[in-house]
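Student: Chains as they are written, first to last, in the numbering used here: chain A, 2 to 324; chain B, 318 to 527; chain C, 322 to 539.
Since the hints were made in silico from the structure, they are not lab data. Quick reminder that beta carbons are idealized off the backbone N, C-alpha and C, glycines included. Don't take every hint at face value.
Said to hold, decoys possible - Distance condition first, Cα-Cα at most 35 Å in a straight line; then the derived DSBU-like pairs of lysine-lysine:
| no. | chain 1 | residue 1 | chain 2 | residue 2 |
| --- | --- | --- | --- | --- |
| 1 | B | Lys439 | A | Lys134 |
| 2 | C | Lys484 | A | Lys112 |
| 3 | A | Lys289 | A | Lys313 |
| 4 | A | Lys246 | A | Lys290 |
| 5 | A | Lys189 | A | Lys204 |
| 6 | B | Lys428 | C | Lys450 |
Claimed, not checked - So the derived list for chain A, only partly shown, Cβ under 8 Å to chain C, looks like this:
| no. | residue |
| --- | --- |
| 7 | Asn31 |
| 8 | Arg78 |
| 9 | Tyr82 |
| 10 | His92 |
| 11 | Asn213 |
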Amino acid sequence: MIRVDNITKTFPGAERHAVDRVTFNVNEGNICVFAGPSGCGKTTILRMINRLIEPDEGEIFINGENARTMNPATLRRTIGYVIQQIGLLPHRTIEQNVAIVPGLLKWPRDKTRKRVLELLEMVGLDPGEVGRKYPHQLSGGQMQRVGVARAMAADPPIMLMDEPFGAVDPIVRVRLQDEFLHLQQAFKKTICFVTHDINEAIKMGDYLVILNAGRIIQMGTPIEVLTSPADAFVRDLLGDDRGVKILDLTRSGSLMEPANALPESPGRNGCTVQAVQPVKIALEMMMKKNADQVGVCEGETIVGILTWNGIKEHINRVSGDGS
Amino acid sequence: MDIFMDSLLRRAPGYLPEHLQLVIIPMAIAILISLPAGIIVTRPGYRRYAEKVMALFNTAQTIPPLAVIAIFFPFLGLGYGPAILALTIYALLPIARNTIAAISSVPEDVKEAARGMGMTPKEVLFHVELPLSVPVIMAGIKTSAVLTVSTAVLAALVGGKGMGAVIFAGINFFRPELILAGTIYIGMMAVILERLISLAEYMLVPAHIK
Amino acid sequence: MNFPGFILNNTGLVYEYTLNHIALVVTVLVLSLLLWTAVGLVISRYDRMAEAVIGLGNVVFCIPSISLFGLFMTVPGLGLGRRTATLVLVLYAMMPLVRSVYMGVKSVDPAVIDAGKGMGMTGLQVLFKIQVPMAWPMVFAGIRVAVVLITGIATMATFIGEKNLGRLIHQGITRGNADMIFAGAVIVSIIALLLDHIMGRIQRKIISPGLRFQAGEQ
């Protein structure tokens, strides 16, 4: 869907490349997260995709078409864009803000209006309550929701999101992340997502691109990156609780021993988890009930058992030395 | 060209000291009145008057300079005195306005922090409010200086002499050379005064808010 | 003091001078708005030009109005009267108007502009859909300064032959007639306040309620 081929960018007067020979693909319907410390080039990469910045070298292909050959304004109207500062137009109402791109695309008025109401509801806002308000009358969380709705207005297949939930408090941020993932399950947009928060990266990403000083240090699925960090930089970025993070991404079903191999009936004391739930939940259950194993169910049927020792061995295996 | 050089070098310079007086004296009085007044009006107890004073000043600013110069002359007669009084009132407005605006716009949280560290109201004024207000107050003094230099030209109409005498002579006798010569000195005086005030500001303002 | 009496005894004269004054101010205002907002918008897109133009405005502003009137009246083709008066006053309006348009457009939050570009607005769309509407509060502040300024300085045009309220003040001085001076001064102030009030009304209509929190509503 998006193919970035060996792009390099140096800003005038800068000592080093802001982006240095970066190549990657983003598959259709995936969230690709760019993570790294500030100044690593992640925002620059994002802004080169919709040509707010032009790369010095290299090419970017959108749906197989070279971005350089497209009209920048036309290109941007087909790519949703969400930034941390949101950038709502303060002199326009919320409805008018969401209607900007449909307006630029000259949609008929009633189609735009219907779409705006639908979008506001979709992002969890009451159109009757906020539609006629101006941005400064909204809370930070509400504004971020409007920012997402505005970016999705013309139903763009691709979205670029630069720290889209960065300006709100942690509680609201988690809720916005959850709601967005929920929306994404339904809409399957192709998304490039920039964050400096590694936890957000692991949570949101189907695919991670870890950057430092303009270069790609590692690419892979979150579980791949967590289980085998490329170097000390990535290990530091992931933090000391790498093993626990892995448990959050591992399904209980994948670590269980099948039920038919067991001598006794598992799931005593109603101590069970669903196979699709992360191992972290099973661990929590064990600690609460002071048990050393839990039953793993698929629906009502017990299909296996997850033991304390099994989890410990897994952590040791995937995070190397067990530290 | 001869008339111009003659005006520039022989006739106009004689009026410079008088013009300077017409600027410096009103400015000095205006600063001495409007700074303390601005501070008083922004004290917590008097805060509600601040808006009214500002509204009054805004209205006063609509009186044309020609009228301000003329207003005192019927009572005080021709001469230096009514011109100085009128120019003082005119010079006062921008300084007082900026002083009030500057002090009222010092962020409440900064003052709160200062009080929280145990500063008395007086210490808050001298260590926080005034230092943070210096740039805006100085801007007001600059505006006032430039305005006064050019308004002082009108003093000639009420017998106050100054460079206005040269310029009005030029108008009455249709002599652009005289007007130009007088205007050049006025312009130079405005520029030099502005530079001097900037220098004063540079020495007064704490380095970290420059 | 009896300046209302003076006005009542000389209604014809006062009426003529007042109308002339308003006509001059309104003409200058219309011309200045057309000219200087256009210049302000143009220099907002060319930074190097901006410095020169704003510098020129500041220089004009430092020259005493009487000198400008006096110098321009000696220019062939201008002479005594309305044409010179209009030109000089338009020049005086340059500084507040060009500056406020330029600063208004330039002070728009870069994040909003970035969002606009990111959504696919062209350069002109960003200017007219984002920067101009967001600049209104500052532009109006400039317009209102200019209105008060022009109304006051217009009195000086009496020295180059304009028959307006400045003439009441000037003749009041030469005749030592306080009532005449006050009549002129008060009517000029009323015109200035009235025009300012009208501008305030228009401002409220034009500026989006979404910007009102920063428009310094009075």
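Student: Next step is simple, just say for each hint if it's right about the structure.
Tutor: Hint by hint, here is what the structure shows:
1. In summary, the hint linking lysine 439 of chain B to lysine 134 of chain A is not supported, as the alpha carbons are separated by about 43 Å, beyond the 35 Å threshold.
2. Note on lysine 484 of chain C and lysine 112 of chain A: the hinted pairing is violated, with a Cα-Cα distance of about 61 Å set against a maximum of 35 Å.
3. Annotation: proposed proximity of lysine 289 of chain A to lysine 313 of chain A holds, straight-line Cα distance about 17 Å (limit 35 Å).
4. Between lysine 246 of chain A and lysine 290 of chain A the CA atoms are separated by roughly 22 Å; this keeps the pair inside 35 Å, and the hint holds.
5. Simply put, lysine 189 of chain A and lysine 204 of chain A have alpha-carbon atoms about 16 Å apart, close enough for the 35 Å limit, and the pair holds.
6. At most 35 Å may separate the alpha-carbon atoms for a hinted pair to count; lysine 428 of chain B and lysine 450 of chain C exceed this at roughly 39 Å.
7. Violation of the interface hint for asparagine 31 of chain A is found here, the shortest Cβ-Cβ separation to chain C being roughly 21 Å, above the 8 Å cut-off.
8. At its closest, the beta carbon of arginine 78 of chain A sits 3 Å from a beta carbon of chain C; the interface hint therefore holds under the 8 Å criterion.
9. Interface restraint check for tyrosine 82 of chain A: the shortest CB-CB distance to chain C comes to about 3 Å, inside 8 Å, so the restraint holds.
10. Look at histidine 92 of chain A: its Cβ gets to within about 4 Å of chain C, closer than 8 Å, so that hint holds up.
11. Residue-level restraint check for asparagine 213 of chain A is violated (minimum Cβ-Cβ distance to chain C is 25 Å; threshold 8 Å).
Against the hints set out earlier in the document, violations occur for numbers 1, 2, 6, 7 and 11.
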